[in-house]
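Protein chains in written order, with the working numbering: chain A, 2 to 162; chain B, 57 to 198; chain C, 333 to 425.
Treat the hints as calculated values from the structure; they're not laboratory data.
Worth double-checking, as some hints may not be accurate.
Stated by the list, open to error - Computed beta-carbon distance windows for the label pairs:
no.	chain 1	residue 1	chain 2	residue 2	range
1	C	A394	B	E161	43 to 51 angstroms
2	A	L68	B	R127	21 to 29 angstroms
3	A	L44	C	V339	30 to 38 angstroms
4	A	I76	C	G363	52 to 60 angstroms
5	A	L54	C	A399	32 to 40 angstroms
To be verified - Some chain C residues close to chain B (C-beta under 8 angstroms, calculated; not the full set):
no.	residue
6	L355
7	G363
8	N379
9	S380
10	M389
11	G392
12	T411
The C-beta atom is built at its ideal place from N, Cα and C for all residues, glycine as well.
Chain by chain, the residues run as shown.
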Amino acid sequence: MSRIFPYPLMMASLVVVWLVLTSFSPGQLVVGVAVALLAGQGLAALHPVKPRLRRWDLIPKLVAIVLYDIVRSNIAVVSIILGGPRRVRRSGFVSIPLELRDPTGLAVLSVIVTSTPGTAWFDYNAARGVLLIHVFDLVDEEGWRELIKSRYEHLLMEIFE
Amino acid sequence: MSHAADLPPGVAVVVAFFVVLGAGLTLVGSFGFYRLRSFYDRIHAPTLGTSWGTAAIVMASMILFSALQSRLVVHEILIGIFVTVTTPVTLMLLGRAALYRDRAERNPDVPAMDPPKGSLVASREDDGEPAAAVAQPDVSGP
Amino acid sequence: MSQSILVVAVTAAQVMLALAMALALARMIRGPRAQDRVLGLDTLYVNSMLMLLVFGMRTGSALYFEAALIIAMLGFVATVALAKFLMRGEVIE
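So that you can see chain A by itself, here it is in the shape it has in the complex (with noise of 0.2 angstroms):
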């Protein structure tokens, strides 16, 4: 069965994605289904590291803080760009020691950081676990560690590891 299915979840969006792109027809589903299978068999050739998730649960916790970060953030930078020099602004990098190790984690940890607006996502030096982001307003330094390990690596160790 799992040599057949190697990735069902990957190779189930494959379908879906199939579907949205062309029609919702039976014809079409029969040729989704054999794309995904020809794209399963491929990327098991391939050998990646297949990811595990712990917590499900967790998922819509984390996209919805995310997506509300991203609005505040949009708020905060919009109103930085438009607001000129009325208040002198310092961006500057900060180094964070990170405990989550797990590929996958970091994965969604740099879409989440890069996302947002106002920080960026620069190094990870994978020998420390030390990350190098750069925040382009920046207040306080260890505020802003504080807040990446809390809101987000507290969270994402939960779900992968």
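Once you have looked at the hints, place chains B and C on chain A.
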């Protein structure tokens, strides 16, 4: 736009709101990208366009086509997912390239290779090694 | 009624996106460094993709969506290759 003639006004208002919001955010992002002074500041500005700018326009397009064809049209969401997944990759690679170039030139505005243990870099620089050898980027990340 | 609301909104959005494209292009020409130009190109790609989506809403045709998808993919690959080039001086290692 005669194809939208018999659209309910409520739907039209929602679509108009989202399309103007998305385009406005993208414009502000590009304006900031043009105006800000350093590269590390500028890298933040276009994320306005790739986060809520894209999301709002994709949402407007989905609502409009769903209302016009009287069925759920969701294929635009693929663009939203694609942009969300790919933007971190491009910005990370570009940021790392910029950091690497600045470190190789010993630009004082960027942190050295090992920010918490700066003594290591300093002692190696004292040995007279070229900066490029010291500032090798760490490529073993995810 | 709803048609005129949409015409005004879509036209305004197109003007704003055209301005955004012009600003990204201006930064791309001005530089001052290679990474600014690559980031400008990436911004230009995203803006033109959004512009095509708005064009699709204006004409009611699904063809623009496919063009936007292709631009998004090409923009991603092009920016990754250019960033790689900035880092190493060669695209393929």
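Results of checking the hints against the structure:
The given range of 43 to 51 angstroms is respected by A394 of chain C and E161 of chain B, whose C-beta atoms sit roughly 48 angstroms from each other. Distance hint for L68 of chain A and R127 of chain B: a CB-CB separation of about 26 angstroms, consistent with the stated range 21 to 29 angstroms. For L44 of chain A and V339 of chain C, the Cβ-Cβ distance of about 46 angstroms falls outside the hinted range of 30 to 38 angstroms, so the restraint is violated. About 30 angstroms separates the C-beta atoms of I76 of chain A and G363 of chain C, a value inconsistent with the hinted range of 52 to 60 angstroms.
For L54 of chain A and A399 of chain C, the Cβ-Cβ distance of about 36 angstroms falls inside the hinted range of 32 to 40 angstroms, so the restraint holds. For the restraint placing L355 of chain C at the interface with chain B, the shortest Cβ-Cβ distance is roughly 4 angstroms, inside the 8 angstroms limit, so the hint holds. The beta carbon of G363 of chain C is not positioned within 8 angstroms of any beta carbon in chain B (closest approach about 10 angstroms), and the interface hint is therefore violated. The beta carbon of N379 of chain C is positioned within 8 angstroms of a beta carbon in chain B (closest approach about 6 angstroms), and the interface hint is therefore held.
About 11 angstroms separates the beta-carbon of S380 of chain C from the nearest beta-carbon of chain B, more than 8 angstroms, and the hint is not met. Interface restraint check for M389 of chain C: the shortest CB-CB distance to chain B comes to about 5 angstroms, inside 8 angstroms, so the restraint holds. The interface hint given for G392 of chain C is met, as the beta carbon of that residue sits about 4 angstroms from the closest beta carbon of chain B, less than 8 angstroms. The beta carbon of T411 of chain C comes within 4 angstroms of a beta carbon in chain B, closer than 8 angstroms, and the hint placing it at the interface holds.
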